[in-house]
Amino acid sequence: MRYVFDIEGGNFDKAGQASSEIKKVMKQLGIEPAIIKRTVIALYEAEVNIVAHAYRGTLDAVVFEDRIVLRLCDVGPGIEDIAKAKEKGYSTASPAVREMGFGAGMGLYNMEKNADVLRISSEVGQGTVVEIVNYLNNRHS
Amino acid sequence: MESRFHHALKIQTEVCTGCSRCMMSCPTQAIRVRKGKAVLLDERCVDCGECYRVCPVGAIIIEQDDFNRIFEYRCRVALLPAVMIGQVPDSIPAQQIFSVLLELGFTQVFEVEKGVSLLHQVILDHQRQQGIAKPLISSFCPAIIRLIQVKFPALVDHILPLKPPLEVAALNIRRQLSVDGLADHQIGIFYVTPCAAKIASVKSPADGNPSPINGIINMNYLYNKVLRKAIQGNDESCMLPDHSTVVPADLIWSLTKGESSRVAGRAVAVDGIHHVISFLERVENDEMDDVDYLELRACDESCAGGVLLTGDRFLTVERLHNHMQELSARDIPDTAAKDTWHAFQDEIGGQLGINRIEPRPVQQLSSDRTIAMEKLQRIRELMKILPGVDCGACGTPDCQTLAEDIVRDMGSVNQCIFIQRRFEEQGIMDASESIQIMKSIWGDEKIKG
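Going line by line, the protein sequences match chains A and B.
Counting in the numbering used here, the first sequence tops out at residue 141, every number present.
Counting in the numbering used here, the second sequence tops out at residue 449, every number present.
Any given hint could turn out to be false.
[Unchecked claim] Straight-line Cα separation of at most 30 Å, DSBU-like style, residue types lysine-lysine; simulated pairs: (1) 84(A) - 203(B); (2) 134(B) - 37(A); (3) 24(A) - 113(A); (4) 203(B) - 10(B); (5) 10(B) - 86(A); (6) 14(A) - 257(B); (7) 134(B) - 14(A); (8) 113(A) - 257(B).
Since the hints were made in silico from the structure, they are not lab data.
Using the sequences and the hints, build the whole thing.
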């Protein structure tokens with residue numbers, strides 16, 4: 001089953017809407033609460049990253065019986081050094097964004113912690129593609 | 001449908017007019033209208049009492065124990081929350097409320113807030129532990145605990161694993177009375193409740209452990225007795241409430257911010273069940289990882305807004321703050337409280353924990369993932385044809401819930417008046433059929449020919 005959402009860069013009012021929809025779907029599928037929690041935390045971070053940094057993006061979520069694949073593509077500044085961006089506390093967020101409670105530099109770190117598979121590819125000046133795969137059965141987590 | 005929860009809220013079918021106000025206000029979509037009457041879905045109801053508030057004909061009642069049950073016990077204790085005292089005008093002193101309880105047949109009256117000072121320290125100790133889930137969610141409000149069980153199952157591990165003040169108070173009363181030589185079966189503790197959720201939590205505790213409370217008196221029952229007595233001016237028998245061990249700040253624990261202002265770290269207070277639901281959505285996204293403690297209360301203005309309170313909630317809050325200040329001005333040495341605390345901690349301090357609260361998710365469409373996915377797909381398709389106006393004419397609170405009911409075999413797409421018109425136009429359904437369907441939802445009376 002496939003769900004596609006547009007994510008608007010710079011609009012924090014709507015940050016989290018896609019995550020909430022996916023959360024609802026996972027609850028309806030009766031997925032283990034701990035797995036829902038991990039997935040939503042990782043997805044929310046990815047969604048907020050687009051809102052905070054990119055111009056626009058999409059979430060393409062595909063739910064399989066055994067796994068959920070979340071692909072977030074954005075048009076934006078891209079990430080220069082992905083390995084560094086994954087470090088705990090690393091952030092390029094502006095003070096204004098930090099003021100709003102975002103950009104503490106835990107984004108990619110949290111994403112990695114809560115995703116079974118995390119693939120990030122990016123081209124500076126073009127955009128970023130984040131792919132999160134979480135397995136939906138207990139034995140994987 | 002299997003009932004997993006005990007509910008204190010009951011719909012009196014013979015009184016219900018099927019107006020659907022309760023269905024539209026229910027925060028967990030637990031009510032439908034069938035044959036012109038509201039029907040409660042047991043597994044979804046969290047006993048918040050929103051339906052009770054909006055019912056215009058008093059068809060929703062809150063069950064109460066037979067009052068005479070108190071006489072089954074030699075020692076009959078009324079456990080009284082501060083909001084009862086706060087909701088009556090200042091001209092009615094607390095003593096008068098106490099004396100009414102004694103006249104009714106109780107042998108002693110204890111204030112619930114005495115349980116707070118005993119609990120407060122244990123909460124602070126718990127907060128110091130390493131590795132606890134953050135934010136901690138207070139276990140004070142039983143409607144919130146049930147809400148988390150059914151709607152936010154991923155957050156059950158955030159619930160503070162400690163008994164609420166009323167149970168702590170009841171445990172302490174049992175301890176004190178057993179020191180006085182009474183056997184456990186001779187002690188009957190009856191809680192004067194401001195809400196339905198606390199009744200449900202006493203009758204079927206969320207953690208599965210039996211409650212130390214024997215029965216329930218609804219607060220409006222007591223309020224009526226107190227007011228009548230005050231108006232009739234008969235107040236010969238008075239008993240001074242023993243305030244000596246109530247810490248002033250504990251008096252407002254049951255009010256909004258009464259708890260959050262006393263715990264360690266960053267604490268946030270949210271009241272009103274609809275506010276709590278949107279807040280918990282954010283907690284689930286891990287947006288609150290720098291908040292240490294959440295005081296979440298189902299009622300607006302917390303217990304001062306309890307459904308069984310008759311007095312105005314805002315005045316109740318104001319009066320209790322005044323009472324607290326008067327109590328602080330008295331400057332009573334707190335040695336008595338400390339003695340009680342030490343004795344309590346030694347004897348039953350270890351009993352304050354609760355068992356793990358298990359999630360009871362209601363959103364799951366099927367335990368079989370393949371079937372659940374098929375149903376989810378059907379919901380998406382149904383949402384494309386349903387009008388999305390959430391009119392409730394189908395006897396279901398909104399289009400999304402109707403779609404979910406349909407895939408759960410609890411409803412039919414024909415219930416939708418928009419679909420009916422479409423079917424009529426296409427010749428699939430005739431007017432008499434759609435009238436028949438509407439009668440099955442709203443009853444014959446409302447759709448007379």
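Satisfaction of hint between residue 37(A) and residue 134(B), Cα-Cα up to 30 Å:
holds, 13 Å
Proposed proximity, residue 14(A) with residue 134(B) (alpha carbon, max 30 Å):
holds, 25 Å
Does residue 203(B) lie within 30 Å of residue 84(A) when you go C-alpha to C-alpha?
Roughly 55 Å between the alpha carbons, so the hint for residue 84(A) and residue 203(B) is violated.
Are residue 203(B) and residue 10(B) close enough, with their CA atoms no more than 30 Å apart?
Cα-Cα ~14 Å, so holds.
Has the given pair, residue 113(A) with residue 257(B), been kept, meaning a C-alpha gap of at most 30 Å?
Measuring from Cα to Cα gives roughly 34 Å; hence the hint is violated.
Within a Cα-Cα threshold of 30 Å, do residue 10(B) and residue 86(A) meet the stated pairing?
Given that 30 Å is the threshold and the Cα spacing comes to 54 Å, the pair is violated.
Keeping to a limit of 30 Å between CA atoms, is the pair of residue 24(A) and residue 113(A) held or broken?
holds, 22 Å
Next pair to validate is residue 14(A) with residue 257(B); report whether the Cα-Cα distance is within 30 Å.
holds, 29 Å
The structure fails to meet hints 1, 5 and 8 from the earlier list, while all remaining hints are met.
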